[in-house]
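Q: All chains should be built: construct the whole structure from the sequences, respecting the hints.
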Amino acid sequence: MSTLTRPPITEEPTALGYVETRGLCKHFGDVRAVDGVDLCVMEGEFVVLLGPSGCGKTTLMRMIAGLERPTAGEIYIAGERVDDDVPPRARGIAMVFQSYALYPHKTAFQNIAFPLEAAQVERSTLRRKVEWAAALFGLERLLDRHPRQLSGGERQRVALARAVVRDPRVFLLDEPLSNLDAKLRAVARFELKQLQRQLGTTTIYVTHDQVEAMGLGDRIAVMDKGKIRQIGTPRDVYDNPADTFVATFLGSPPMNLVEYDERTLVGFRPEHFLPREAFGGEADLVTYRLRVREVEYLGSDRLAYGYLEEERRSDQPVIAAVPITVTLPIAEGEAYEFAVRRRDLRFFDARTGLRKPAPS
Amino acid sequence: MSSGPQAQVTLAPPAPVFARRTLADRESVLGPLMLAPALVYVILLVGVPFVLAILLSFSSATAGSLDFNWVGLRNFTRLLSDPQFHRSLGNTLRFMLVSQVLVMVLAVTAAHVLDAAFVGKRLVRSLLLLPWAAPVALASMAWVWIFDSTFSVVNWTLKVLGLLPGWLYWFGEPGLATVAIITVHVWRMFPFATVIVLAGMSAIPQDIREAAVVDGAGFFRRLFHVNLPMLLPVVTVAVLFGVVFTATDFSVVWLLTRGGPYNSTHVLATLAFQRGILGANLGEGAAVALFLLPVLLVAAVVMLRLARRAEVGT
Amino acid sequence: MTGRAVLRGAKRVALYTAAAVFTVFAVFPFYWMFLTAFKQNRDLYVGATNLQHVPWIFNDPPTLDHVRLLFFGTPYLVWVKNTALVGLAVVAITLGVAVPAGYSLARLAGRWGERLGIGIFLTYLVPPTLLFIPFARVISLLGLQNKLGALVLVYPTFTIPFCTWLMMGFFRSVPRDLEEQAMIDGYSRLAVIGKVVLPLAVPGMLTVVIFAFTLVLQEFVYALTFISQVERMTLSLGVPVALVRGDVFYWGSLMAACLITSVPIAVVYSSFIDRFIAGLTAGAIKG
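Protein chains in written order, with the working numbering: chain A, 705 to 1064; chain B, 361 to 674; chain C, 795 to 1081.
Among the hints, erroneous ones may be present.
Quick look at which bits of chain C chain B covers, simulated, 3 or more residues with Cβ under 8 angstroms [to be verified]:
1. 823-833
2. 853-862
3. 958-972
4. 1012-1019
Since the hints were made in silico from the structure, they are not lab data.
Quantities reported herein were computed from a predicted structural model and do not represent experimental measurements.
Backbone N, C-alpha and C define an ideal beta-carbon position, used for all residues, glycine too.
A: Spelled out as structure tokens, the structure:
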């Protein structure tokens, strides 16, 4: 495993973060679930931890919540060090689990009121706050129901209402949308973003879904094997991946990676890789011959899978995502001239996978 | 509620002081603390008596006095040359083996019968549980009455069916007494084993069973190649408990025969009671009881293996 | 076609016959208790050599005499009271000890929790038969012979291991998320146990109560060893050993006692048996 220094593209925040980790590690036996993470989340910011399952994102969040004891490293919340001695209840955080973790023996009202009871909020204030939170999520008429009488979407909203009701310093959300069906998920994503804007609460959000990450995050931290590979705005992470992992993890289909020379890989996004004719008379193009093996028709795009004829090695087939507006015929088995703008090429070190400038 | 950027400004500077962990948060303290009473109870009232049982077996302690004289292996050497002890040891093994074989055959059959859908399945299942649930001492008394030398309904029925030329004195003859004891053991244990096997059968994935049917496997093929191998762990548990319960059983033998006739049906448990409590020779009684230990050790080892398998499996 | 139908019919018949045979074998002693408990003596005590007199039915009208004698002419009600007292005390001790221990093993003990849990469960395999002799000495040292206290002290040795194991299984089945959520919602681990875990474990605790009680009710060896005074006996000791006049048993009353005691337990027990089995076979069956 090559050791990766922090990529130069990362925006290094100058101010002290509202939630910050320094050299945070969690080892389970020999497994380094989280391996020296420095994360800095600014106040009011929405940061998404994105990565494949097992990359350590959930463990990182659980350490911030105090549910997991770090092997090494420090955690700061609102400028104050929180060590082992600060139990989860004292950290001023609210968390929504993937399962929603609604108390099955309590009604929606009692679920939402539960954190307030812990804080020994006065009875009338408690009722007012629960009603406020319920109204925020349109739950007014469901408050007497038990979790088993609620639909998936309703449960998710009760969980969110319970999270906001006690004015947490930080929201920690662990894949809160993954149990919703696809249709509901898009709406819920929108609502969640709105809510976070409205409340302005610092939020850390864990997901393996890049669409969620791109849509929600002010910044995205892409994680793999216990490390943060890159952190930046969605646009930044997508357009300027710090290494080949980020390049291929983000984007669907992922970035094509092809051997450029002995020490360099060149990457380009499928949506940038179009038939030569589609560029018209544009200059500064790089052209390849693509031998098409298979064409998938996806409605808005056609995906052409194939190999470059220039004997450039690539582990994966090269993919071109051709918008439906480009009507040129693409037939399986044929070879075509495909091109990509020179400015859309990204270069990576073949050995370390790290981003590097274009070879001269 | 921090709403909008203004609130953030007021929130950030006064650094929040976090509450520290209290005793109620400390799992490293709570864990042992909550476990302690159980551990203490088990150590003081199972561990210590267990050690005491071993110590007593090397002593000539009697119930009347509190003396504790170390006599070394004398109790054991005396037992090893005692035909009555040999008889008891043999009986313990015989009762256990015969009844467990019968129990398992009956249980696997009964479980297959119960597993097939039929009307009244639930009722039959709960009726089958009666023998296991009823207090063993009371159920044994019912059998004592059923096998009564004068009024035995078994004898009457056999006579009426013309199967019995003479008369059966159930508790008056060693062979018949053995049959009676094993009958009660089987009666008591097979429902329990049936329910365990049934639980195991319902855990066999339906698709595996259906696949076997689709593949054209006949009943016995299915039984021996699909069901039994998959049931093995569960059957092991059933056998294990059956073995432990019958090998260590005291009530059935004691209430049915008191070890009679002519001390021919004693098992280790009843002999230990006879010598140790009634005969007041605690040392010798303890020595007799200790011979149960190998059975229990084997059971414990099998149990541990199963547990380890489960640990690996999950 | 028809051959197949016949075969299937034969299968059905075999199935029902087998079920009937098993059921009759299991239930017959209880039927016998029932007959004996309500038969008049002259119907009851007819030698089995008399093949004209069918013992399987009531030849004379049933009577309540034996039941009446049991309740008012024998110490049966005292034994019921003793059993209830011992049962309550043992259930209380068991709950108080096994519930926290089960939680500790399930959630707080980490890796060695599993081992320790199995260790505690294994002590359930150490039978009274092995321990009654040393206990006889311990009890006499403590001066507890012929006292119900002896039983209250000793019975938890088999209820605690089994119930700790059962509770451990129940606590494991409470989703971990819920507990962590409650810890984040502002509660200490201890408060989480009280406010979230225990309410969800009520069925488990109910099971523990039932099993601890039935185990107490079934116990015979220790009672026989420690108690010889008739008015200190429990049901399962008193009924078999003390319902005698000289050396003649009152069979009618004795069977009435067996029936009245067994059947309610059996009914309650069989409604909880699935949990009991789940506890015993934990590990051998993959859920």
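Q: Three residues minimum, CB to CB under 8 angstroms: does the segment 853-862 of chain C make the cut for coverage by chain B? Let me know.
A: violated (count 0)
Q: So is the segment 823-833 of chain C in contact with chain B by the C-beta rule, three or more residues under 8 angstroms, or is the coverage claim wrong?
A: holds (count 5)
Q: How does the coverage statement for the segment 1012-1019 of chain C fare against chain B, requiring three or more residues with Cβ below 8 angstroms from a Cβ of that chain?
A: holds (count 5)
Q: Counting residues of the segment 958-972 of chain C whose CB is closer than 8 angstroms to a CB in chain B, do you get three or more?
A: violated (count 1)
Hint compliance for this structure: hints 2, 3 are broken, all remaining hints hold.
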